[in-house]
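Protein chains: 2
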Amino acid sequence: MGNITGKIICTGLGPGDPDLISVRSDRLIRAARHVAYFRKAGRPGQARLIVNGMLASDVTEYPMEYPVTTEIPFDSADYRQLLGSFYDAWATRLARLSETEEVIVLCEGDPFFYGSFMHLYSRLHGRVEIEVVPGINGMTGCWTATGIPITWGDDVLAVLMGTLPEDDLIRHMQGADALVVMKTGRNLPKVRRALARAGRLTDAWLVERGTMDGQRVIRLADADTTDCPYFATVLVHGNGRRPRVDG
Amino acid sequence: MGNITGKIICTGLGPGDPDLISVRSDRLIRAARHVAYFRKAGRPGQARLIVNGMLASDVTEYPMEYPVTTEIPFDSADYRQLLGSFYDAWATRLARLSETEEVIVLCEGDPFFYGSFMHLYSRLHGRVEIEVVPGINGMTGCWTATGIPITWGDDVLAVLMGTLPEDDLIRHMQGADALVVMKTGRNLPKVRRALARAGRLTDAWLVERGTMDGQRVIRLADADTTDCPYFATVLVHGNGRRPRVDG
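First to last, the protein sequences are chains A and B. Residue 102 in the numbering used here is what sits at position 102 of the first sequence, and the numbering runs on without skipping anything. Residue 135 in the numbering used here is what sits at position 135 of the second sequence, and the numbering runs on without skipping anything.
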């Protein structure tokens, strides 16, 4: 290491099982001297948990603690202001560090797919040398956990956020073949209602903690939607064109 | 190995760069004694190319050569019959082999995401012990190659096949925020026309051979759509809700 000029490398960690990290990210993480990751204040942080036992003993860690998560509405001016300043400050700090050091940023799933890292990336791109190593996204871990292929042939896949208005959810649920709904949590009752109104509830699965310890795969119709963990994804598998199955 | 009872393990290889294979798949592939993969007759096969230099010297290879690819229409009865028999025969052969051996099936991208392996899986599931190791799908490699995040905030992502009718493409292109169009190839002129009619051509990118040697990222509007390789993906990035960027 000991680069004269450094850089920032964001490594996608995949869906949760450390064995699903890419060879390249695994190598970078084990050799890292500076590691940054997001977490909620007072929590270990999911990204940091995934790499437990992988970091070198002399690593310096930079936990980037969100100033706010669900305490105030995400569409309020206060929320945007607080988060914007938070990302500004960390972008500046990591940029300075990367003048002389290689800095590894840990990111669950894939960094460019609904990742918090993108808010740093948009601030750092063009200012410093920055590289992104893709990862297996969380939804891939979830459909693997169901043991059923998600898309076949000409299937259209729609990826939806549970935060969307119910009518938007219904429209997309009716228009696509395969469905993934992320950011469920407190939105799960609404997501379930939308699936029922779109006529798709009976084919929907709920995957909690896909590929992680405590993984649970159940039919959404059987789920208690009032008690849904953050890492829960709803899936409806596609059933498109395919050669006929004999026997 | 020398298992008394074997199994079938399908390893997702990721988008093309062998460094993006998961730690688990990498380990399985290097230790494998029996490796099967799909390819077009007379070609090395993309899956086999990705693992070049990784296989043990005493490995036995099982190239599964498609009886037909684009010579006859994919929606004809002949095509379905030929492919169905092909998958039946290989499912039977791999099932027999897996009675005593561990068989690794190589699969580009993620096995459950539009993968040919799914046609074996649907025939083998419940008959033999079978495991699927997820991989980074090809579209993730492609959006990483553009250097632009694909989805933010509440963005809806639609994954579309270039084989869909033009009017279906237009409808989905208008309804979603971020777009991925796969299976372009000879459908690229239609895909481009649909994007133009949906008012989204100026934001569309064409990624050829994402993460592989010879990777090319260009604006679709600038592309020669009459000469498009098979490994070409069209992307339109989302631009959803996010905290404001200062400076």
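These are computed hints drawn from the structure, not numbers from a lab. Keep in mind it's a predicted model, so treat the numbers as computed, not measured. Among these hints, one or two may not hold up.
Listed next, with one range per pair, are the computed distances between beta-carbon atoms [to be verified]:
#	chain 1	residue 1	chain 2	residue 2	range
1	B	R219	A	G199	56 to 62 Å
2	B	D168	A	A196	21 to 27 Å
3	A	R127	B	R80	52 to 58 Å
4	A	G185	B	D168	28 to 34 Å
5	B	I72	A	R127	50 to 56 Å
6	A	A77	B	G199	26 to 32 Å
7	B	E166	A	R80	25 to 31 Å
8	B	Y62	A	E131	50 to 56 Å
All C-beta atoms in this analysis are idealised placements derived from N, C-alpha and C, irrespective of residue type, glycine included.
The hints, checked one at a time:
no. : hint                          : in the structure
1   : B:R219 <-> A:G199: 56 to 62 Å : 39 Å, violated
2   : B:D168 <-> A:A196: 21 to 27 Å : 25 Å, holds
3   : A:R127 <-> B:R80: 52 to 58 Å  : 54 Å, holds
4   : A:G185 <-> B:D168: 28 to 34 Å : 33 Å, holds
5   : B:I72 <-> A:R127: 50 to 56 Å  : 53 Å, holds
6   : A:A77 <-> B:G199: 26 to 32 Å  : 30 Å, holds
7   : B:E166 <-> A:R80: 25 to 31 Å  : 39 Å, violated
8   : B:Y62 <-> A:E131: 50 to 56 Å  : 37 Å, violated
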